[in-house]
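Each protein sequence line maps, in turn, to chains A and B. Mapping of the first sequence onto this note's numbering: position 717 corresponds to residue 717, and the numbering continues sequentially without gaps. Mapping of the second sequence onto this note's numbering: position 43 corresponds to residue 43, and the numbering continues sequentially without gaps.
None of these hints come from the bench; they were simulated from the model. Note that CB positions come from ideal geometry on N, CA and C, so glycine has one too.
No farther apart than 30 Å at their CA atoms in a straight line, the calculated lysine-lysine pairs in the DSS-like style are these: (1) B:K13 x A:K108; (2) A:K5 x B:K157; (3) A:K9 x B:K157.
From the derived model, a few chain A residues whose C-beta atoms are all more than 12 Å from chain B: (4) R70; (5) D84; (6) T122.
Listed next, the stretches of chain B that the computed footprint assigns to chain A, with coverage defined by at least 3 CB atoms under 8 Å from CB atoms of chain A: (7) 80-88; (8) 140-149.
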Amino acid sequence: MASDKNIGKPVPRKEGRAKVTGAAQYVDDLQLPGMLYGVTVRSHVPRGRIVGVEFGEGIPWDEFTVVTARDVPGANYVALILNDQPYLADGVVNHAEEPILLLAHPDKYLLEEARRAVKVETESLPAVFTIEESLEPKEVIWGEDNVFKTFLVEKGNVDEVWDSPDLITIEGEYRTGAQEQLYIETNGVIATANAEEGVTVRGSMQCPYYVHKALVKLFDLPEDKIRVIQTETGGGFGGKEEYPSMISGHAALLAWKSGRPVKMVYDRAEDMVATTKRHPSRTRHRTAVTRDGKLVGMEIDFVVDGGAYATLSSVVLSRGTIHAAGPYNCPNVRIRSRAVATNVPPHGAFRGFGAPQSIFALERHLDKVAAAVRLSPEELRRRNFITKGETTATGQVIREDVDLPGLLDRAFELTDYQEKRERFARENEGARVKRGIGFASFMHGAGFTGSGEKYLQSIVGCEATAEGRVRVLAASTEIGQGTKTVFAQIAADALGLDYETVEVVQPDTADVPNSGPTVASRTTMIVGKLVESAALQIKETLKGAGLIGDSYTQDEWARACGEYVRQHGALRTHVQYQQPKDIEWDDEHYRGDAYGAYAWAVYVAEVSVDTLTYEARVEDFVAVQEVGRVIHPVLAAGQIEGGVAQGIGWTLYENVVWREGRMANGQMTNYIIPTSADIPPIRVHFFENPYEGGPGGAKGIGELPMDGPAPAILNAVEHAVGVAFDTVPLTPEALLDALEGEPVEA
Amino acid sequence: MTDAPGKISINCKVNGEAVTLHAYPFARLLDVLREELRLTGTKEGCGEGECGACSVLLDGELVNSCLVPAAQVEGAQITTVEGVADGERLHAVQRAMVECGGAQCGICTPGMVLAAVSLLKHTPQPSEADVREGLAGNLCRCTGYMKIFDAVVHAVKEG
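Chain A on its own, in the form it takes in the complex (with noise of 0.2 Å):
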C-alpha cells in the first residue's frame, strides 16, 4: 500500500519547532558533570622540527591534564585512507597550526592563559606554499614526489587530433582559491574515556562512523568500546566529514588521561585556520575543435593542493576529475589529474568535492572555445550536448534522458537571456556601471564515485514498535539539509503511513547501523533507497505473518505492529546496499560508470560590475536543474539557493589570505560569505524525470548548486568589461588591476 501522501509534498520539517525556538540543543549547550575544557596547543611554523616545549611561569599546571603524541594509547594517526595524519606531532611538524600537545582545565579561560604560556621551540625546516613549488620539487615535503595521488582518464586518442589542418586549438589555464566551509557552528565534541567502559564522544559531525574507525585505532580497543553519539549539527558542508575524527580524538585523549568529561569547542579563529578548506586548484585546457563547433579532442590537466597530509585528497582528486570533461560529448578526451603536498593544513571535503574546480574550468574555457569559433557560448554548447546512449569521458553511457537543451532554453527564457546578452551589450558602452550575464551548463553525479558504494556496502534499519511507531535507523545525519525529514516521507510512504508515524532515530553508533558517510549528495538517493527498502521489508514481515493485508488503516498497522511485537520480541529489518547490476566500473583504467545518476543543470547569473569602484555583484540568478524527482520542494529548493550562495561567495567574496602557510584572515571580520544584502535573488526550477534507482524517483542534489555558479558569473563579468577572469575568487583588486587604464565615465 505504498503512496505518494508524502513525497514531493512541503510536509514539516521534523526538528524545525526546536529550531526555531532556541530548544535544539547543539554540543556546546551540553554539560557533563565533572567536566573539563580542552584546548589545543599547535604549531607556529610550517615546517619544521620540534626541539623542546616550555611550560610557562605563572600556571599552576599540577591542575592541567596535559597529553603529548606519548600518551597515545593505540596508533597515532587519524585513520581514513592513508593513516598519514598523526593526531599530535611526534618530533616534527608539517603544517602551521599542527596539533602538538592537548590542555585540559575545568577553567576556560585560565585554559586560554595556559595555552599561551606554553612555548613550542622549533628548527625550521624549508617548506612549500604552492601547487607550482610543490610539483617543481622545491623541496620534497612528502613522500618521492610531492604527490598524494594521480589518475588518468583517457577516451579515444586525443594525441591524434592536434596536427589535424581542420582543427582549431584553444588552450587555457585557470586557477580557484581555498574556501572555508563556515559552517555558522564551529566544530566541537564531548568526549568521555575510561579503560573500563571505552570511549564515548558526542559532537557535531557528518559522518558518526569514520569517527568510531578513527577512534578504534587511536585507542586501539574493540568496536563495541567505542560509541560515537551525533549531536544537534550547526552545519557542515564537507567541513565535518573528516575534521571531526581529529577533535573527537583531542578529547578523547584528554578525557582519557584525566578521567573526566573533555569539551572542546572551537572558537571562529581556530577553526577558520586549523581547520580543512577547500582545495585551491590549477587547470590547463587544450581543446580541439572544428571550425563549426564540434569537440574533437580535450587534454585537460587538473592539479589541487592537498595540504600538508593526504587526508580526503585522493577522494576529491577523483570527483574533480571525472567531471572535468563535463555534459559533452567528445570522442577523444584526456584527463590527467594530481594532488600534491604543500606545507599547509590538509584541506578537505567540501560541498562539490573537487568537481566545482573542474567545472570552473571547463565552462570558462568553453567560452573562450565559442569566441575561436566565433560562435555564441550557447551555440557551441549547444552542438556538444551529451545525449542518451553518447558516452563521458570515463565511457560512462548514458542511459537516462537526457536534455541539456531544454534546460537551456528554460533558462534562458526565465531571465530574457538573449535580450539581455544584447541590450546590455548596446547599454555598457560608455555606462559607469557595466552589466553582463553569462551561464554554466554541467553535471554532477550523486553517490560514491565508481566502486565506493560497493565497498561501503551501507546497512540501514527499519524498526515498528508496538504501538506501531516506525522508527529509521541510519548514521546518516541531519546537518541542516533535511535527512530526518526525507526518510521519514521516504519511510512514510512506502508503508502507506502517515508522516507523524516515523520517527528518524538521532544516530548513536551504539543504536545504528553503518548507512555510510553523509556526503556526496548521496544520503537522499542511495541511503533512501535503503530505507525505503528497510520499511518495505517491515511490510512484508507483517504480512507474510498474516497480520496485515495489501490494504490497511493506520490502526490496523499498529494492531498488527503490536501483535508480531507480543509473539517476537522485536520488529526490526536491516538492509544492505547492493549495487546495481548494470553499473561496472574499472578502478584501474577509471573506466566506466562513474555514477549511478547524474544531476543535469544550467545556471544564469546576471552581474553588474561598477568601473569606477572596482566591485563586481550578481543582480539575478536563475538555476535550473533535472534531479529526478524532488522529494521534498522546500527543503530541494533551499539545497540549491544555499549552494548557489556558498558559490557566489566563492567567487567574489571568499578569500583566504595566506601568510607562511597560515590562513591570515582568519575571522568574520575579514574573510567575507555573503550577507542577506549581497545575495541577488536565486530562482530555483526543476525539471523531474523519476530515476528508477532513487527512492520515489529521486537523485542526489547537494552538491550540484556549488557547481555552476563560479562559472556562470565570470562569463557574465566578461559579456560586462569585456575581460576573461580565469580565476576565483575574483577580487576587486584583481578587477581594478585589469580594467585599470581603461577610460571611465563617472
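The hints should help you fit chain B onto chain A, whose structure is shown.
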C-alpha cells in the same frame, strides 16, 4: 548573597522574569545567558559581532550579546529566543521560519528569529530592501537567505 571576588550583582529582566545575575562586569552577556541562566538558545558564532548568532533584544533593540558587557544590562529588559514564543504558541516569525524552510541547520536561527522580530516591530510592512537590510547583520550559511525572506513576508501576512 555575596559575590565572588570581582563579580558584581546585576538586576535585570530576562524574558519577562526579574533575575539577579552574578558576573564579572566585563563578562559577555552571551556567556552569562548561556552559563548562568542556561539559556543556551543564544549561540556563539564568531565572538566578534559579525555573525549575529548571539542576537538578543536589549530594551527592545537588537544587539550582539557577545559584544555586551554584563555590567551594561543593569535594569535592562532582555529577550532571548526562549522568550519569543507565547508559551506553547509560536510567534508568527517562528511559525513562518518552520513553514517556509527558513531554518536549515538551525544554528543561526535563534538570532535570525530575533532580527526578524525586531525588524517587524520597527517596520511592520517592510519592503524587500528593508528585509535585506534588517537581516544583514545575521549570517546564514545554509539557506542563501531566500527562504528566510519568504518567512518574513509570510509572517507579515499571517502576523
